[in-house]
Amino acid sequence: MKTSRISAVTAVQLLIVAGFLGTWEGLGRAGLVSSLFFPAPSVILGTLLDLFRSGELVVHLGATMSRMAGGFLAGSALGIMIGLPMGWSPRLQGLLDPFVAALHPVPKISLLPLVMIVLGIGEAPNLVIIALASFFPMLISSLAGVHQISPLYCEVAKNYGATPLRMFHRVILPGSLPLIFAGIRLALNSALVVTISVELVAAETGLGSMIWTAWETLRIEALYATVFLTALLGLSFSLILNSLSRWAIPWQVRS
Amino acid sequence: MRYLEAMISIECRNISKIFRSPRGDTEALRSVNFTAADNEFLCIVGSSGSGKTTLLKILARVLEPTSGEVVVHSLNGQQPRNALVFQEHGLFPWMTVLDNVSFGLEMQGVRRKERAEAAHCFIRKVGLEGFSRSYPFELSVGMRQRVALARAFVSNAQILLMDEPFGSLDAQTRLLLQEELLALWTQERKLVIFVTHDMDEAILLADRILVMSGSPGTILEQIPVDLQRPRDPTSEWAESVGLKKEIWTLLEQDVRRRLYRSRP
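Read top to bottom, the protein sequences are chains F and A. Residue numbers are given in our numbering: position 190 of the first sequence equals residue 190, and the series is strictly consecutive. For our numbering, count along the second sequence from 1 and bump the result up by 255.
Certain hints may be false.
Unchecked claim - Among chain F residues calculated to face chain A with C-beta under 7 Å, some are: (1) N159; (2) P174; (3) V253.
Since the hints were derived computationally from the structure, they do not count as laboratory data. For each residue, glycine too, the CB sits at the ideal point set by N, CA and C.
Looking at chain F on its own, in the form it has when it is part of the complex (with noise of 0.2 Å):
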């Protein structure tokens, strides 16, 4: 029953994707839209494998990857030691809250120059803008996570002696793991957006560096598969994290 209910569900998702790319080849093959500025997806699809054959794109997304795995590893990693013990401690949020509220709505893309005055040109100050943009949902997500567990848990594991240490490991860290998992999935986001960002504005590599080049060169077709890349990077993160979620919280009940 529910596997027959999923499969449906794809269905219908595929069915939306296949109308939407059959009316854009359809449209583009009977000449009403401009092919200059909206190439046919079967072109576009073209052009990605092209790119793939070349090694060019291998290339640059693994630069992505890899930049984004850096700073996101970083950031969210802080995000998480700053934010439990954040939620755990009043006295240490009422601290930083302030500079939480301050700083993460600045647009993180806006510090590259800043960064780049102190750090030099190069990758560091690409990372630490990665990084940073991952720390904030990573912090702001662990930090309820431990707010949102049960005072009775916390009852429970004092009354049968649990120490500071034990508390954490056995209520704090799994009981905010829900949270921390839709952290994850924020900081990745960030993390993506931001990688390709910077990539746009100071990288040689990456998908954000072919955009930028494609858009020079008015290759529209590659802008076209670029993006599309992305997007799908996007989607295999979600995907992974949604059955990494289900293997580290076995006991969270899904509708």
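Given chain F, work out where chain A should sit, using these hints.
Relative to chain F, chain A alone:
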């Protein structure tokens, strides 16, 4: 004092609790005094809001009293452990039945293999064999409460503190679990302090009943229950009717006062 000869005893000396908040202070408990010892089954009966839960949390040392003290005494000089059982079972959703039941032992630093053995023994006793790898969300409310009982009993606690553990169960399941609790208590001989608002439940379970009234919570009366065990919950005894009347006479005024005050 006979309590001086007891193996273990827990004594409330003049416990008061005031919850302070910017919107005004609430006096939850005022000069509560009582003692319970050895393998006594003590029930605390009162209407909702009479401070029963607060009192239990103070006994469990989860809450600090505003004044007064809880003195736990043990003949062998070791500080006896206590275990709390909550109305909503308080099982950790992220732990399997086995991990939940052995949690107390884990906190005491007992090795994994030993605590699994002890836990399995009690999982069997509460009839949940085959469920040790299940998560709480996969169990019925009654099964969860059984896990909570097993967790409390396995933890080597000499004093069990129970806060309406069967409050959210249907009447039939409750009968069954009351019976299981009494069986466990008879086997393990622990001191139980059991909070409930259900007079029948108190009469069925208790050796002695403390009747509480609220705002602020005080103990009105201590009533010994001298009914023979095992007690059959499905049959009526003449003595239990008398006891119920006695408790109700004490509680009625308090319940009426709350009923009318809480109307908008």
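The hints, checked one at a time:
1. About 4 Å separates the beta-carbon of N159 (chain F) from the nearest beta-carbon of chain A, less than 7 Å, and the hint is met.
2. Because the smallest distance between the Cβ of P174 (chain F) and any Cβ of chain A comes to about 4 Å, under 7 Å, the interface hint for this residue holds.
3. A distance limit of 7 Å between C-beta atoms decides the matter here; for V253 (chain F) the minimum to chain A is near 5 Å, and the interface restraint holds.
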